[in-house]
Amino acid sequence: MALLACALAAALARSGGHRALENLYTDSWHLLAGQRYVPSHTALIIVDDDTLVALKDDPLAFWAPHFGRVLEVLMRAGVKVIGFDFLYLVSAEGWLRKLELPDSAASRSYDAPLRAALAQGRTVLITQLVERSDGQPELLLPPQDQMLLLPRGIHDLGVANLHPDEDKHVRHFYPAVVPDPAFPGLSLGLQLALRMVDADPTLSAWEIAGARLTRAPELRTIGFAGPPGTIPALSMMRLLAPGALDDPQVRALKGRAVILAAENSGTLDRHFTPYSRGPRATQMSGGEIHASIVETLLGARDLRGLPALAAWAWLIAVAGLGTAVFLRFGPGAGAALGLALAAAVALAGYALFRANWLLPVAEPQLALLAAYLMTLGLRLTGEARARARLRSLFGRYVSDEVVEKLLSQSERPDLEGEAATVTVLFADIRNFTTISEKLTAHEVVEMLNAYFTRVCEPILAQGGTVDKYIGDAVMAVFGSPVAHPDHARRALRAALGMATAAAGFRDWMRARFPERGLPEFAIGVGLHSGEAVIGDIGTPRRREFTAIGDTVNAAARLEGATKLLGCTIAASQATVRAAGAGVRTGKMETLQVKGRAEPIAVLEVTTIDPE
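FYI, in the numbering used here the residues of the sequence shown are 13 to 623.
For the record, the hints were derived by calculation from the structure and aren't laboratory data. Warning: the hint list may mix true and false statements.
Derived lysine-lysine pairs resembling DSSO-like cross-links, with alpha carbons at most 27 Å apart [as the list claims (entries may be wrong)]:
id, residue 1, residue 2
1, K450, K480
2, K599, K575
3, K266, K92
Generate coordinates for the entire structure from the input sequences, incorporating the hints supplied.
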């Protein structure tokens, strides 16, 4: 059952709904954790609203001199590498030439500050992978006159594409987007990380922070440092200000990878991330996501999934434990414990998330749900079979009310055998051999059926079990399979009822068999209380639920003692005492019963007071 639950959960794990649920858990872990670590490798220089206001007189397309001065300050401040997260398809000088304006010094040297910074070889420009109308991919490259200044050419370019999941949230990244080294196919994040560790971007494989990366597209999980605003950020105007190199925050950029990106109220470069849930949901800028990718690579902070074998072991362990719990406890308690297990799985997922592991949560929870539903179905069908068996086993011997009470009990009788304190009743017809000799076989069966119908009614009415018929005798047990604390009193009331029924049956015998010379009809009833072994006894072909032991033997002997006492009902002193007050008795004898070492005190029972 546990394995089947795992198989169902694994099948559902391939569905979009399951992926959405797993993402919900992972996003919730991000929100609960808040800032997970302090970024130590990256920083942002942002074109914010203050920058736009300060440079409002210059169109953004003509900001090359400003960008050039910012790059120069960053390099003088000791920044290791700069990611330029702006894509110009044409330079300002190229656009001026396109207009065929009169030649001037400005048209020839307008971009000189930016060109000088690019020639230093510490800047990575971005490229964008787009899909043309014919469905073919194409890379949008920076202006040719800028690329000519890059020492490594296309290997100083980084692909800026982000790769959101189906729900438009960015959680993963491809270190390499295009595997062919003849194309600029490395992501901006990987390019910056390679510069930070002085690795050659022209190679086909690298090792960063103990992880091996290749040009093959491999989806990895971003290990975000925290919600938007966690990566240190400085306004671009801080670097354009006089004496920027004296700014402590600028000097603190030394040795870092810095990304120059837009982060203002008008930018469209904002994306949903795991932090984009809840009432305070917000988007993260593309520049900060690229910085998070660099932090992930350099700090080996990518969220890793369990190995396949470990994931299956985890799933089977949870499903196995849940199945054992559901089979052990009832539906209500099982549901409560199942919810507790599901909560424990979620807590384990969050704990491992803090250690940069992604533990499956939704999948084992689905396995728990499947296991619960299957055990519930098994319990319902098994319960139906058990009820049918008990009804079949006891329906002929106890009243319908007793059957229903038996089925409603939380603890059913142990059919394999159990010891119980009960009262056993034996009733026998006097002179039955003489009567049967004077009747035909059909008449004997007719008489017995009519007799048993009458004398068994008081037994059933008092909650007793008609254990068996032994010729003309009937054996009944009180206190099993339904436990009654007052089983002795019930048995005595049943015996008195049987005596009354026998007196009425005497008239039936006279009317049915007149002038046959039959002896006067009478019965004897013996009762004894004590411990007996109760169970389903017999062979595989024929079994019956019955009582055996000394108590049963004694009750049978006491039925025979009614002849000695000359009474209808003979009960042991143990039964009379157990019945409580109000039992009226007559004759009393102490008898040595065959099979018992100790004698039994026997009393004639005449009546019993009402409750």
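When you check the alpha-carbon spacing of K266 and K92, does it fall within 27 Å? Holds, at about 7 Å.
Please verify whether K599 and K575 have alpha carbons no more than 27 Å apart. Roughly 12 Å between the alpha carbons, so the hint for K599 and K575 holds.
Under the criterion that the straight-line Cα-Cα distance not exceed 27 Å, is the pair K450, K480 satisfied? 25 Å, holds
Hint compliance for this structure: no hint is broken.
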